[in-house]
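Here is how the chains run, residue by residue.
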Amino acid sequence: MRTITLLIVLFLALTGFSAPDASEILKKVDQNLSSENRVMESTITIHGKRNSRTMTSRSYAVGTEKAFTEYLSPARDAGTKMLKLENQLWIYSPSTDRTIQISGHMLRQSVMGSDLSYEDMMDDRKLTDTYTATLEGTETVDGREVYLISLEAKVDDVAYHSQKMWVDTERFVPLKQEMFAKSGQLLKRLEMRDVEKISGRWFPRTMVYKDMLKQGGGTEYTVTKIEFDVDIPEYIFSKAALKQ
Amino acid sequence: MIKFLIKGLLRDKSRSRIPVLVVAVGVMLTVFMHAFVTGYMGDTIEMNARFTHGHVKVMTRAYAEEMNQMPNDLALLEVDELTNKLNAMFPDVIWSPRIQFGGLVDVPDKNGETRSQGPAFGMALDFLSAHSAEVKRMNIEKTLVRGSLITKPGQALLSEKFAQNLGLKPGDEFTLIGSTMYGSMAFYNFTLAGTVTFGVEQMDRGALLVDIYDARIALNMENAVGELIGFLSDGFYNNDEAKAIASEFNAVYAETEDEYAPVMKTLAQQGTMGQYVALVDVWTVYISMVFVIAMALVLWNAGLLGALRRYGEFGIRLAMGEEKRHVFNTLIYESFVIGVLGTILGTAFGLLFSWLMQTYPIDMSAMLEGATMMMPTQIKARITPDTYYIGFIPGLLSTVVGSALAGIGIFKRKTSQLFKELEA
Numbered sequence: 001m002r003t004i005t006l007l008i009v010l011f012l013a014l015t016g017f018s019a020p021d022a023s024e025i026l027k028k029v030d031q032n033l034s035s036e037n038r039v040m041e042s043t044i045t046i047h048g049k050r051n052s053r054t055m056t057s058r059s060y061a062v063g064t065e066k067a068f069t070e071y072l073s074p075a076r077d078a079g080t081k082m083l084k085l086e087n088q089l090w091i092y093s094p095s096t097d098r099t100i101q102i103s104g105h106m107l108r109q110s111v112m113g114s115d116l117s118y119e120d121m122m123d124d125r126k127l128t129d130t131y132t133a134t135l136e137g138t139e140t141v142d143g144r145e146v147y148l149i150s151l152e153a154k155v156d157d158v159a160y161h162s163q164k165m166w167v168d169t170e171r172f173v174p175l176k177q178e179m180f181a182k183s184g185q186l187l188k189r190l191e192m193r194d195v196e197k198i199s200g201r202w203f204p205r206t207m208v209y210k211d212m213l214k215q216g217g218g219t220e221y222t223v224t225k226i227e228f229d230v231d232i233p234e235y236i237f238s239k240a241a242l243k244q
Numbered sequence: 001m002i003k004f005l006i007k008g009l010l011r012d013k014s015r016s017r018i019p020v021l022v023v024a025v026g027v028m029l030t031v032f033m034h035a036f037v038t039g040y041m042g043d044t045i046e047m048n049a050r051f052t053h054g055h056v057k058v059m060t061r062a063y064a065e066e067m068n069q070m071p072n073d074l075a076l077l078e079v080d081e082l083t084n085k086l087n088a089m090f091p092d093v094i095w096s097p098r099i100q101f102g103g104l105v106d107v108p109d110k111n112g113e114t115r116s117q118g119p120a121f122g123m124a125l126d127f128l129s130a131h132s133a134e135v136k137r138m139n140i141e142k143t144l145v146r147g148s149l150i151t152k153p154g155q156a157l158l159s160e161k162f163a164q165n166l167g168l169k170p171g172d173e174f175t176l177i178g179s180t181m182y183g184s185m186a187f188y189n190f191t192l193a194g195t196v197t198f199g200v201e202q203m204d205r206g207a208l209l210v211d212i213y214d215a216r217i218a219l220n221m222e223n224a225v226g227e228l229i230g231f232l233s234d235g236f237y238n239n240d241e242a243k244a245i246a247s248e249f250n251a252v253y254a255e256t257e258d259e260y261a262p263v264m265k266t267l268a269q270q271g272t273m274g275q276y277v278a279l280v281d282v283w284t285v286y287i288s289m290v291f292v293i294a295m296a297l298v299l300w301n302a303g304l305l306g307a308l309r310r311y312g313e314f315g316i317r318l319a320m321g322e323e324k325r326h327v328f329n330t331l332i333y334e335s336f337v338i339g340v341l342g343t344i345l346g347t348a349f350g351l352l353f354s355w356l357m358q359t360y361p362i363d364m365s366a367m368l369e370g371a372t373m374m375m376p377t378q379i380k381a382r383i384t385p386d387t388y389y390i391g392f393i394p395g396l397l398s399t400v401v402g403s404a405l406a407g408i409g410i411f412k413r414k415t416s417q418l419f420k421e422l423e424a
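From first to last, the protein sequence lines are chains A and B. Quick note on numbering: our numbering labels position 141 of the first sequence as 141, and the sequence is numbered without any gaps. Quick note on numbering: our numbering labels position 127 of the second sequence as 127, and the sequence is numbered without any gaps.
These are calculated hints, taken from the structure and not from any lab test. Accuracy of the hints is not assured; some may be wrong.
Distance condition first, Cα-Cα at most 30 Å in a straight line; then the derived DSBU-like pairs of lysine-lysine [said to hold, decoys possible]:
#1 B:K169 - A:K66
#2 B:K169 - A:K243
#3 B:K324 - B:K380
#4 B:K169 - A:K239
One-sided excerpt, in silico: chain A residues whose CB lies under 7 Å from chain B [to be verified]:
#5 I100
#6 S103
#7 R108
#8 S110
#9 L186
No residue lacks a Cβ here, since even glycine has one placed at the ideal position from N, Cα and C.
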């Protein structure tokens, strides 16, 4: 009898009852959030200190190297385009017909007044490539059980030195994320909601970014349409496409 | 009596020459220092008023708290309505809309790619309205180095040094990259109309001047401004008047707790300008006091020497039955006459030197390179109505006080010993 009990305990420990390794969790998060390529339409609502405004955009991304975003509305912002090629970013403004490279300290500026910086937008790399994860325990977020994992940067060129991530234990999608500076100051908070299964992966439809150093109610980023692994013409990722 | 005293003073040069000279020198220095302080420190105040502070400034309460950061997201809205209200409340104050902003000036090459780039301190003011006095107030025409003033929308002025660093010449196009009132990135093309030199190092490093109409489009600030600045009708800052205006305006919004409600601040209530205004106010008093004390001591000494020399004269006058009080009073009257003469002479010379420094200021631009505070690069005096009479305070006071101190000895003379002293 004692042998059977021991075997059952060992079995449970090795299978369902044991929490996966933190890096394993991160890998599964990457599998859900990263893709070979994707085309996405989204609505961005910026809740400023005095008022809120909404923009719509369409973006194309291939891996972590290439991305192209075009703002569709409101009229003032329509036609503004951004192109990311590896670690370079260009922005095209139709009102001035100028293509300007965003670099240096400008990368830390807000994207269209939102709580996201260009740096946030640029860093599409997989979490497993940039952070080392440590499992801190389990908690509950929005009624769902989550793993709390700590991330420590293992490369120098990331926007945040460390992060805390609350990952759904079942779907392996982060439901909450906190990003910290090297000093330990909380810089940004991200909440993910409306998790749906799209093309075989769990993906949050709504993401709420809050720049903790900025006044206002945060930026709500809602994915209205998303397609994974579709053919995207190569010319989209060229500077010529910005002016078209 | 006065005629008699004057006659005595004219005939006895030793009683008048040195005291008049001492008073004249002291008064001259007082008058000149007053004109210098008024000119230099007053120039700094007026320069700050014209460029950024105004004599009074209206902002939202939230903007006022972070004024140094130029937070245009906290700007005043419905500005036309507010301006009408201000004009009705204070018809003598001239109101000017201003937007201060930061940004990058990006110069394209022939392919439209960035050729050069530099951080700019932008200021939008009303260049093009027919009634606007901003160009004259800022003295922009005289600061023009190359090109012309802004004559149509889409034009801009850059500081000469900044334009040279960017390789820009009048007629060239550049793009302003900034941030809209709502935080979006703002892009706006300008044509360089001309270049200016303000003589203020802080401005000359990277100033960009544009018309308020263009700034409103570029920064998405329709009928909004960061600041409405007001100038008192006589063109000079008057702290008491400004405070009264601000109190009257702020009383209207005292009940509301809206952080975007307008609030009016006087120049002295903005940044460190308060200390500066207070300094200018007390400086003249300090200078006058120093001269009153110093000259009183000198004249006291001169009086004592005079009294010694006139020991016999006072003795005879007392022996003849003149009262001590009367002798003392004549001494005071004499000193008053000396004070008036010395003051007139000193004021005349003080005004002459002040006028010279007002007309031919000292250029200090080379010494102010790299300065971070907005300071005038020329040191010059300014003759104001006060300059004409400021010298009378130390001039008369010091002679009277000096003679009074020296004359105390008269009351110590003993009538019983007068003849004995005279015999000796």
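Quick rundown of the hints versus the structure:
Of the supplied pair hints, the one linking B:K169 and A:K66 is violated, its CA atoms being roughly 38 Å apart against a limit of 30 Å. For the given pair, B:K169 sits about 27 Å from A:K243 by alpha-carbon distance, which is consistent with the 30 Å threshold. Distance check on the hinted pair: B:K324 and B:K380 sit about 50 Å apart at the alpha-carbon level, beyond 30 Å; violated. Between B:K169 and A:K239 the alpha-carbon distance is near 28 Å, which keeps this suggested pair within the 30 Å criterion.
For A:I100, the suggested interface contact is upheld, since its CB lies about 6 Å from the closest CB of chain B, less than 7 Å. With 7 Å as the threshold, the beta carbon of A:S103 stays out of range of chain B, its nearest partner Cβ sitting at about 9 Å, so the hint is violated. A distance limit of 7 Å between C-beta atoms decides the matter here; for A:R108 the minimum to chain B is near 12 Å, and the interface restraint is violated. Restraint check, A:S110 versus chain B: the minimum CB separation of about 5 Å is within 7 Å; hint holds.
Hint status for A:L186 relative to chain B: violated, with the closest Cβ pair at about 21 Å, above 7 Å.
The structure fails to meet hints 1, 3, 6, 7 and 9 from the earlier list, while all remaining hints are met.
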